[in-house]
Amino acid sequence: MKVDESTGDARISIEEERTLEAAERDIGPIVSGDWEKHDPRYLTLERQAGALSSLFMTLVLGAIATIAIMFSELPARFHTPLIVVVSVLAALHIWWKQYRPRRLYEHASFRVDDDGIEIRRGILFRSIISVPRSRVQHTDVSQGPLERRHGLGTLLIYTAGVSHAVVPLPGIEHERAIVIRDLLLPRDRVVRT
Amino acid sequence: MSSGPEEGPERRLHVASLLFIGINRMRELVFPLIVGGLASGGRRLALFAAVIFTFSLLRAVWSFFAYRYRYDEHDLVVRTGLIFRNVRHIPYNRIQNIDAVQNVAHRFFGVARVQVQTGSGKEPEATMNVLPLDALAEMRERVLVGRADAAAAFEAGPTLAPIATAATVPSTTLLHLGPRELLLAGLIENRGMALIVAALGAITQIDFLEELVLRRIEDRLPDWVSDGWRAGLDENVGAVLLGVGVLVLFALLFVRVLSTVWALIRLHDYTLTRQGDDLRAEYGLFTRVTATIPIRRIQTISVHQRILHRRWSRAALRVTTAGGGSSNADGKSAEREWLAPIIHVEALPALLEQLDPSLVLAGATWEPPHPRAATRMMRGSAVWIVILTAGAAPFVGWWAIAIASVLVVRAVLRARGHARNLGFAMLGDRIAFRHGWLHQVITVARFERIQSSMFGQSFFDRRTGMASVSVDTAGLGATALTMPYLPREDALTLHGTLAGAAVRTPFTW
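Going down the list, the protein sequences come from chains E and H. The first sequence begins at 8 in the working numbering and counts up one residue at a time. The second sequence begins at 200 in the working numbering and counts up one residue at a time.
Chain E with its partners taken away, still in its complex shape (with noise of 0.2 Å):
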């Protein structure tokens, strides 16, 4: 505990504020400073949501083929290479959204410590984005009903920046979310003495 000369004012850290709410819900170090590898679950749920959306751009493709082979004038020498495209195309969204993941997967990661929260994603353009805590603006924690079923959340960081107003880290731990956003906070407070 900090005294600041001027004020009297007695100034807790953040550390020392973490440690003993980390001690009140006993829910174990909060702050690693580690690289964390986001919930295994979420490979699931990448893989869930991209074969919804297979499963409707399989349907959308279909539907075209079946119009422009029953109901238009469309030589029927076309008809073998038009459901040939539109079976490779089909193939080729199955795949990549059940093959994306794992990659992303592999390349996510974040690290929080008591200075911010450090995210790290991509496939061909990786990135590593820092946000230091004292730039939160406010959070979001969002849960889709995909999401919820595998207790999973996102958390959405807002700055006051402009091309990365909103930092998303999705993928982790509902309850996990909700810790991070607590720490993320711009919390100091002053103890009057």
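Simulated from the structure, these hints should not be mistaken for laboratory data. Every residue, glycine too, gets a C-beta built ideally from N, C-alpha and C. There's no promise every hint is true.
Said to hold, decoys possible - Which bits of chain H does chain E cover? Going by a derived footprint, with three or more residues having C-beta under 8 Å, they are:
1. 273–284
2. 653–666
Said to hold, decoys possible - Taking lysine to any residue and the SDA-like style, the derived pairs with C-alpha atoms no more than 25 Å apart in a straight line are:
3. 104/E <-> 282/H
4. 44/E <-> 695/H
5. 104/E <-> 657/H
6. 104/E <-> 655/H
7. 44/E <-> 658/H
8. 44/E <-> 655/H
9. 104/E <-> 659/H
10. 44/E <-> 688/H
11. 104/E <-> 658/H
12. 44/E <-> 661/H
13. 44/E <-> 285/H
14. 44/E <-> 657/H
15. 44/E <-> 687/H
16. 104/E <-> 130/E
Once you've looked at the hints, dock chain H against the given chain E.
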């Protein structure tokens, strides 16, 4: 949901919200209603209306029940959605505005539409449609109390940047541009192209004018040019290319003249003054613009130098300010405009000192990019040159080789020049980036303006052991706070330094 000890009771919107949300939803659906009505020839209009009315009402009921908010110790918490759930925490000390709108209907029910805004983005962070007036009063009080605590904490923290605060400072003129300087500015800046595009748009509206202008151009060209033009591409490609070249040259000259005239009108009597902590720019012959820029809200400062600037020892200066919170029309026009459309390089340090007293650009040590940065850029251009040449070959034949060689020379010069000028520098507690070949730009941001820092590696970066580092500020339209083509290790170090610097400095507007 985890219920911590500090959670207050949850509140809902006023029941009248059902009405107001319903009306909003219906407004969104008026257009489909009209279209649907027209499509069905008006016969099923009533049915459409009924369906849409029911739908709006259901959605209104849905949002009403899904929307809850509460006051935690430090944050305003807003919960929305039943299927896609979202919990938003807005710290009191981050809230900048609480706006309330009350129209006649609102007054009838004793409610108001409330918008809570922080410094992030342009959209309000929370819109409460609608709250009873006592709830609005409560919110204002809660936020005020929360903010007061935060302010106390803030005062205990490090002090702000050293900025002159004397309120009684008279206004001093920092820069005044006469016709001579404006002439130069117009020549250099070359905004004529935008005018040309606008003019062309207008001209092509009228066939008659198009005919007139094109024929005029054709009439005035020397015979051999128009002959070559008419002879077609097969017969005399050389003459056509020359003709096109002459035309382009004339067009460029014309554009420069236009740009100069435009600058003389737009920036007429440009005066930049300082009054206390505000800068005021006044300019314009027909439309007189007055823009106010609070110095403490400046996020980035950039010095631009085109090739002609350097030739005539001039520069142009631009600043970006935080745009999130303020919806000041003057501020916005100022962001698009230059702070100094043109300034002699010898006068530049004095002006910079007004913006940031301890900023010294001269003598900065610029860290260079990866030694192979120029090669990377050339390789990038090579792809374009091949595509362009291949595309042009069927039309111009062997002349494609001439085009290609010109492009290659340009690409080599550009890559070398750009790589030579690329760099970053630490200037006290600020970071500076520079880039550009013909148009060189230096952009400076104080550490406390850094919102986030990003280390990035593209596919090509990884193959060549390079990476880029960029920082984000609240300055709208800030130019390139990015350092590309750094050696990977250097980039990691820079990223760490910048992120660390942002951590150690307090957040300020």
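Evaluated hints:
no.	hint	verdict
1	273–284	holds (count 6)
2	653–666	holds (count 7)
3	104/E <-> 282/H	holds (24 Å)
4	44/E <-> 695/H	holds (21 Å)
5	104/E <-> 657/H	holds (21 Å)
6	104/E <-> 655/H	holds (24 Å)
7	44/E <-> 658/H	holds (22 Å)
8	44/E <-> 655/H	holds (19 Å)
9	104/E <-> 659/H	holds (24 Å)
10	44/E <-> 688/H	holds (23 Å)
11	104/E <-> 658/H	holds (20 Å)
12	44/E <-> 661/H	holds (22 Å)
13	44/E <-> 285/H	holds (23 Å)
14	44/E <-> 657/H	holds (22 Å)
15	44/E <-> 687/H	holds (23 Å)
16	104/E <-> 130/E	holds (13 Å)
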